Structure formats: structure tokens, C-alpha cells
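Colleague: Chain residues, written in single-letter form:
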Amino acid sequence: GAVVSQHPSRVICKSGTSVKIECRSLDFQATTMFWYRQFPKQSLMLMATSNEGSKATYEQGVEKDKFLINHASLTLSTLTVTSAHPEDSSFYICSANPPKADTQYFGPGTRLTVL
Amino acid sequence: QKEVEQNSGPLSVPEGAIASLNCTYSDRVSQSFFWYRQYSGKSPELIMSIYSNGDKEDGRFTAQLNKASQYVSLLIRDSQPSDSATYLCAVEGNTDKLIFGTGTRLQVFP
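From first to last, the protein sequence lines are chains E and W.
The first sequence finishes on residue 150 if you use the working numbering, and the numbering steps up by one all the way, no holes.
The second sequence finishes on residue 138 if you use the working numbering, and the numbering steps up by one all the way, no holes.
Please keep in mind that the hints were generated in silico from the structure rather than gathered at the bench.
Heads up, a few of these hints could be off.
[Said to hold, decoys possible] Think about it this way: if two alpha-carbon atoms lie no more than 25 Å apart in a straight line, the pair counts; the simulated SDA-like pairs of lysine to any residue are:
hint, chain 1, residue 1, chain 2, residue 2
1, E, Lys76, E, Leu109
2, W, Lys70, E, Val38
3, E, Lys99, W, Asn122
4, W, Lys125, E, Ser124
5, W, Lys125, E, Arg59
6, W, Lys70, E, Asp123
7, E, Lys55, E, Glu87
8, E, Lys99, E, Ala136
9, E, Lys76, W, Ser36
10, E, Lys76, E, Leu111
11, W, Lys84, E, Lys76
12, W, Lys125, E, Lys49
13, E, Lys99, E, Pro43
14, E, Lys90, E, Lys76
15, W, Lys125, E, Cys48
16, W, Lys95, E, Pro43
17, E, Lys99, E, Asp123
18, W, Lys84, E, Lys99
19, W, Lys95, E, Thr148
20, E, Lys135, W, Ser36
21, E, Lys135, W, Ser58
22, W, Lys95, W, Phe137
23, W, Lys70, E, Gly88
24, E, Lys135, W, Ile75
25, E, Lys55, E, Lys135
26, W, Lys70, E, Lys90
27, E, Lys135, W, Ile46
28, E, Lys76, W, Asp86
29, W, Lys125, E, Val149
30, E, Lys76, E, His120
31, E, Lys99, E, Leu81
32, W, Lys84, W, Ser110
33, W, Lys125, E, Phe126
34, E, Lys90, W, Ser54
35, W, Lys125, W, Ile46
36, W, Lys95, E, Asp137
37, W, Lys84, E, Lys55
38, E, Lys76, W, Phe137
39, W, Lys84, E, Pro134
40, W, Lys125, E, Leu150
No experiment lies behind these values; they were computed from the predicted model shown.
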């Protein structure tokens with residue numbers, strides 16, 4: 036089955052630093068990947084759609100200058116949380132649609148804790 | 029009104045019983061409907077997908093869709109303690125974007 040990986044699985048950083056999260060499609064090419072954020076006891080909220088070779092599309096209320104997305108290849112998208120603050124602490128999950136698949140497959144998630 | 033609504037639960041059922049999870053959605057143009065299971069601290073995993081009115085069965089799981097009522101449900105037969113998780117309903121419209129409900133926490137007790 037389709038596999039999506041994320042790295043790191045867990046990161047703790049100091050306030051004001053930047054954190055990069057990688058999302059890889061391991062056995063298929065993905066022109067589009069999605070980035071979600073999930074706060075405790077809440078649902079997944081779509082942050083942005085990552086498009087290979089072009090700019091990401093951000094959802095309303097998501098700061099594009101704070102959450103930098105780069106989709107430089109058909110198997111890799113990165114999310115960089117710039118100048119992280121404690122309120123950015125959350126579970127970040129990426130997903131991708133394999134070819135001919137009817138839905139998204141999710142990566143294992145990255146738990147970010149900002150001190 | 030939220031786009032996808034679910035009862036947050038917890039829904040507690042004894043082992044071996046049928047668990048019934050419900051979801052309503054607001055966008056009538058929604059075309060695809062999904063149920064995901066999410067264990068604590070993990071990412072969601074797909075359980076069922078359904079696209080047309082009626083029932084769709086896969087093992088112990090049955091998804092039911094009623095587009096006229098904008099309602100989709102998931103039945104879990106012979107519930108097991110390992111089924112204890114949060115179940116997320118997700119709806120997809122004309123784009124590839126998924127809109128998730130807040131999830132229903134299911135507890136299956138021995």
C-alpha cells in the first residue's frame with residue numbers, strides 16, 4: 036500500500052527558533068500534498084495544499100510567511116515553522132493522494148513542542 | 029453551522045456489541061465520504077469510503093450514506109477493545125480537500 040513518511044516524529048524547540056518538517060511519499064509520486072494541524076482533542080484542520088513546482092495554497096487564517104512550504108520534488112514536501120511560539124505546539128500531519136487512489140494517505144505525524 | 033458534525037462522545041459499548049457512529053454534513057455538493065480511525069497520538073488511518081447512497085460493507089464495518097438527509101454513519105459489529113479510538117468522518121467536495129469532523133471517541137469495554 037501507499038506509504039507516506041514524516042521526519043522528525045517528535046521535536047522540541049525553543050521559542051523563536053525555526054523547525055523544518057519533511058513529508059515524503061515513499062512508493063509513489065505526489066504532485067500534491069496536504070499539511071494539517073491537530074490540537075489536542077480537536078480535529079484535523081487543513082493548513083495548506085502543497086503543489087510540486089509552484090506555490091502552496093494556504094487556507095484562510097494560516098500565515099504563509101510563518102508556515103513556509105516547499106514542494107521541490109514529486110516525493111518531498113517540507114513545512115517550516117518559522118519563529119515558533121508555544122501556541123504553535125501541535126501535531127502536524129501531511130498527506131498525499133497516490134495515483135488512482137480515492138483518498139489521501141496520511142503520514143505518521145510530527146509532534147512539535149515549543150518551549 | 030459546522031461543515032461536518034459528529035457527536036464527540038465518548039460512546040461506550042460492551043465487547044461484542046454494535047457501535048453506531050453518526051456524521052452530518054452541510055455541503056450538498058459533497059461527493060465522497062470517508063471514515064478514519066485515529067488512535068491516541070497517531071495519525072488517521074482509512075477505514076471506509078462511500079460514494080453512493082446505501083450501505084457498503086467491509087468485514088465488521090458498514091458505512092451508510094443518505095445524501096438527501098446529508099447523513100453518513102459507520103456501524104462496527106462485534107466491537108472489540110482494540111476498536112477503542114476516535115473515529116473521524118471526512119467529506120470531500122469538488123476539490124481534493126477533505127473536511128473533517130471533530131471525531132467521536134469510542135470506548136469498547138470487556
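Colleague: Among all the numbered hints in the text so far, which are the ones the structure does not match?
Modeller: 1, 8, 10, 11, 12, 14, 15, 16, 18, 19, 20, 22, 23, 25, 26, 27, 28, 29, 34, 35, 37, 40
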